[in-house]
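A.B. asks: Take a look at the letters that make up each chain.
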Amino acid sequence: MEQAALHNFLHRYFTANDCDIVEDQDGVMTVQLTDEVDEMLMNRPFYWHYVKRIGGQGMPMKVTFITNPEKQEEKGEWIHFGSPRLHKMFQTLREKGRITRQYEQVTPSQGQTSLVPWLMINASVQYKGTQRKDEVLSIGLNLMNGGMIPGIMEKIDPNKIGPIINDYCFTLTPMIRMPSAIKRVEQYINTYIKSQDHSWSVDALQQLESEKELLSYFFRHDLGNESEQEEDAEAKEDAEKRYQDELNKLEERFQPSISVELINAGVLYFSQESSTRFIKGE
Amino acid sequence: MNEQIQLNTTFDESLEQDLIAENSSYCSWDLFQMAYETSKHVANPEFQGLQSQKYLPHVDFLPHQMKCAEQVVEKMNGRAILADEVGLGKTIEAGLILKEYMIRGLAKKILILAPASLVNQWVVEMNTKFHIPAVAQRKTHVWEQDVVVSSIDTAKRAPHRDIILDTDYDFIIIDEAHKLKNHKTKNYEFVRSLKKKYCLLLTATPVQNHLVDIFNLVSILKPGHLGNYDDFTKRFGRNRNQLSNDEHLKELVKKVMVRNSRGETGIEWTKRNVETVHIDFSEEEQNTYKYLSEVTSGGMAFTNITLLRELCSSREACFLSLQNMLKNEEIHPSRAEQLQEVISMIEQMPHHAKAQKVVDLIGDSKEKFIIFTEYRATQYYLQWYLQQHGISSVPFRGGFKRSKKDWMKQLFQNHAQVLIATEAGGEGINLQFCNNMINYDLPWNPMRLEQRIGRVHRFGQKEDVNIYNFAIRDTIEEHVLSLLYEKIQLFQRVVGNLDAILQKLEIDNLENEIQDIVSQSASEGEMKIKLDNLSSVISYAQEQEEQHGTSGAS
Chain A
1 MEQAALHNFL HRYFTANDCD IVEDQDGVMT VQLTDEVDEM LMNRPFYWHY
51 VKRIGGQGMP MKVTFITNPE KQEEKGEWIH FGSPRLHKMF QTLREKGRIT
101 RQYEQVTPSQ GQTSLVPWLM INASVQYKGT QRKDEVLSIG LNLMNGGMIP
151 GIMEKIDPNK IGPIINDYCF TLTPMIRMPS AIKRVEQYIN TYIKSQDHSW
201 SVDALQQLES EKELLSYFFR HDLGNESEQE EDAEAKEDAE KRYQDELNKL
251 EERFQPSISV ELINAGVLYF SQESSTRFIK GE
Chain B
1 MNEQIQLNTT FDESLEQDLI AENSSYCSWD LFQMAYETSK HVANPEFQGL
51 QSQKYLPHVD FLPHQMKCAE QVVEKMNGRA ILADEVGLGK TIEAGLILKE
101 YMIRGLAKKI LILAPASLVN QWVVEMNTKF HIPAVAQRKT HVWEQDVVVS
151 SIDTAKRAPH RDIILDTDYD FIIIDEAHKL KNHKTKNYEF VRSLKKKYCL
201 LLTATPVQNH LVDIFNLVSI LKPGHLGNYD DFTKRFGRNR NQLSNDEHLK
251 ELVKKVMVRN SRGETGIEWT KRNVETVHID FSEEEQNTYK YLSEVTSGGM
301 AFTNITLLRE LCSSREACFL SLQNMLKNEE IHPSRAEQLQ EVISMIEQMP
351 HHAKAQKVVD LIGDSKEKFI IFTEYRATQY YLQWYLQQHG ISSVPFRGGF
401 KRSKKDWMKQ LFQNHAQVLI ATEAGGEGIN LQFCNNMINY DLPWNPMRLE
451 QRIGRVHRFG QKEDVNIYNF AIRDTIEEHV LSLLYEKIQL FQRVVGNLDA
501 ILQKLEIDNL ENEIQDIVSQ SASEGEMKIK LDNLSSVISY AQEQEEQHGT
551 SGAS
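Chains as they are written, first to last, in the numbering used here: chain A, 1 to 282; chain B, 1 to 554.
Just so you know, the hints here were simulated from the structure itself, not pulled from any lab data. Any given hint could be a false lead.
Unchecked claim - Mimicking SDA-like on lysine to any residue, the simulated pairs with C-alpha atoms at most 20 Å apart in a straight line are:
#1 Lys88/A x Thr128/B
#2 Lys108/B x Phe90/A
#3 Lys290/B x Ser521/B
#4 Lys366/B x Arg335/B
#5 Lys88/A x His41/B
#6 Lys108/B x Lys186/B
#7 Lys88/A x Ser392/B
#8 Lys40/B x Ser138/A
#9 Lys71/A x Asp18/A
#10 Lys236/A x Lys186/B
Please read these numbers as outputs of a predicted model, since none were measured by experiment.
Full structure from sequences and hints, please.
C.D. replies: Written as structure tokens, this is what we have:
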């Protein structure tokens with residue numbers, strides 16, 4: 001993230017979290033935190049614990065964040081892409097921004113307008129071989145006709161939606177029920193993943209095999225001998241345990257796997273026009 | 001798609017509930033969108049390449065550090081021996097690699113084992129340089145934290161031991177891993193039983209070890225990589241020279257070890273100015289030394305050599321040993337008499353010539369100095385003596401508690417002019433803010449000397465480093481310094497190299513070698529010749545080495 005983008009992000013973040021931006025100039029931003037945000041970000045659990053215990057009024061902090069590299073020396077906290085505070089914000093977003101429900105804000109010219117329900121799921125696919133990579137997917141499912149739209153996040157105009165349904169609008173009852181809708185999205189992702197090139201996994205599997213071979217060779221003598229001696233038996237047991245531990249760790253390191261993790265999801269209601277527009281890919 | 005890939009594409013069951021519940025607290029679109037965007041932003045789109053760098057814009061990594069991290073991540077799959085020479089930043093490399101695995105979500109539960117004196121330094125470096133929230137192990141409950149730094153001695157003791165051995169670690173770093181070379185030790189046994197996915201062993205001196213030691217280190221990382229113990233010893237025996245001779249083995253070791261030398265890094269290092277400071281004993285001191293060497297000559301035992309060396313350092317050091325000998329040992333009455341005589345001579349002595357020299361050398365300089373001595377008694381004496389001359393100093397030694405060490409380092413950095421360290425203090429503190437070092441007396445182990453120098457002449461040192469070696473004329477001190485250390489250019493060169501050479505020559509322990517020479521020589525002349533021979537052998541091997549450009553496993 002560029003520093004300018006970071007500044008933008010901070011602005012949005014604190015606004016969305018109802019914090020007052022006291023000052024904002026030239027990449028130096030002073031924010032009056034709310035109780036909630038202070039507790040989330042500022043890392044002082046004992047203070048908040050204490051305030052709650054005595055039932056008092058907390059004093060949320062006023063913090064200055066700096067994104068302009070030339071102002072790094074000024075009083076305040078320098079925020080860059082690696083700073084823990086920023087990642088703390090990212091994390092709080094994953095918690096707070098998990099589920100939404102939105103309605104397209106249409107003003108019908110006459111009579112009442114029906115809104116079509118959509119399920120939207122954003123997910124991150126994690127591919128793990130000897131290394132790991134992620135892919136972010138955003139999928140929309142029309143709950144009336146089952147139409148599926150990849151990359152729907154990028155197609156939504158934030159200015160046209162809101163949390164409250166407009167007067168003269170009503171929502172249609174979904175034809176596809178939620179459990180089955182989620183299954184469809186899962187199935188879609190599954191098919192999408194399977195259609196990919198997975199040559200990366202071959203390398204990991206080969207590594208796994210050869211490492212396994214080395215390992216059993218290493219432990220060959222310790223594991224092989226049958227012995228009456230108690231001491232030997234103990235040593236053997238120990239060796240067996242280590243062998244098993246090492247083997248498990250090898251599999252954890254090299255076993256290729258793909259898993260899907262939810263970022264966030266929501267039900268969105270769009271007008272017929274917008275719904276058709278999505279399907280047409282416009 | 002390959003059937004062997006484990007595939008899981010189902011969402012958590014709670015998702016359905018959250019989506020349909022009418023009383024759910026739905027988030028605003030802004031928060032929703034930001035959560036999506038940031039997830040996208042922290043995603044790593046490629047398997048290859050290092051991501052950690054862009055999370056750490058405040059650190060300038062050196063090319064060899066980046067290369068090392070890349071190699072360990074991409075080629076060695078996160079299990080490696082980092083064996084850079086002292087001062088090239090092994091900690092930085094380890095941090096970079098660890099960060100990479102953390103960013104990619106492959107490492108969460110992490111254990112760092114370091115010598116007690118280094119624990120805090122690791123904590124500080126991980127936190128400030130890498131934003132890795134490492135904590136020092138102080139209480140048992142600390143083990144619940146994700147990233148813990150502990151000394152191995154604490155870790156292997158109850159109740160910590162069981163907690164650690166029961167934990168599945170994702171990533172383990174072991175600093176100063178050369179101490180693990182012996183597979184019969186408790187430490188080795190302990191480390192071997194740790195459950196770990198990724199693992200880094202850090203050591204500055206891996207090639208000094210016997211082949212079996214290398215086998216043992218590699219076996220922690222990759223059991224079987226060098227075969228099993230029986231095959232290995234059968235094939236290579238215990239012959240230390242084999243590593244450089246056997247191409248196959250060298251290749252194998254290369255697969256798990258990264259070793260950079262100063263020369264290869266292409267960095268401009270500040271200069272080392274080495275100056276030998278010859279000092280004359282006062283007459284009383286001279287007489288005492290003479291007497292002591294006479295009564296002890298003719299097959300000098302180890303203790304006598306020690307006495308002489310101590311006398312070169314301070315009256316106090318020698319006095320203490322003498323007293324202990326008289327007290328503890330069943331000694332011959334005539335010998336006791338001799339020792340008594342030495343004691344009474346010592347009592348007559350004025351101040352030590354070296355101490356005076358220190359004061360002269362520091363003089364009016366405002367610069368900071370580190371003084372290294374082998375003896376604690378000397379350390380006390382020097383501190384007192386410097387104080388008498390209005391020079392502020394702080395002591396430092398291995399036995400200090402961690403917090404005290406940090407405190408002393410702080411005091412030295414901010415207030416005191418001189419830090420007086422004993423040998424054990426040589427390991428682990430980084431003092432690149434100081435560029436003057438006095439070797440008040442010299443260890444007979446060149447590795448220890450390099451450890452000392454490495455405290456100041458390391459990455460981050462911006463000034464040329466001045467090293468003053470003190471030696472009293474016409475004593476064994478001077479002989480060892482001028483006949484051996486200077487001849488083999490110990491102070492100019494890099495010890496990693498000397499290490500390999502000594503191995504080739506099958507000199508296990510230079511200290512013992514010198515002791516043997518000194519104790520087995522009938523006369524001073526003989527001793528000088530033998531020392532001279534030893535240094536010639538080493539210099540010759542050094543020349544050979546430079547021509548062939550091969551050393552150890554590098």
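A.B. asks: Take the hints in turn and mark each one as holding or not.
C.D. replies: Hints, verified against the model:
1. Lys88/A x Thr128/B: At roughly 17 Å apart (the allowed maximum being 20 Å), Thr128/B and Lys88/A satisfy the hint.
2. Lys108/B x Phe90/A: 18 Å, holds
3. Lys290/B x Ser521/B: With Cα atoms ~16 Å apart, Lys290/B and Ser521/B stay inside 20 Å; holds.
4. Lys366/B x Arg335/B: 48 Å, violated
5. Lys88/A x His41/B: Holds - the C-alpha atoms of His41/B and Lys88/A are around 14 Å apart, at most 20 Å.
6. Lys108/B x Lys186/B: 27 Å, violated
7. Lys88/A x Ser392/B: 45 Å, violated
8. Lys40/B x Ser138/A: At roughly 10 Å apart (the allowed maximum being 20 Å), Ser138/A and Lys40/B satisfy the hint.
9. Lys71/A x Asp18/A: 26 Å, violated
10. Lys236/A x Lys186/B: Holds, at roughly 18 Å.
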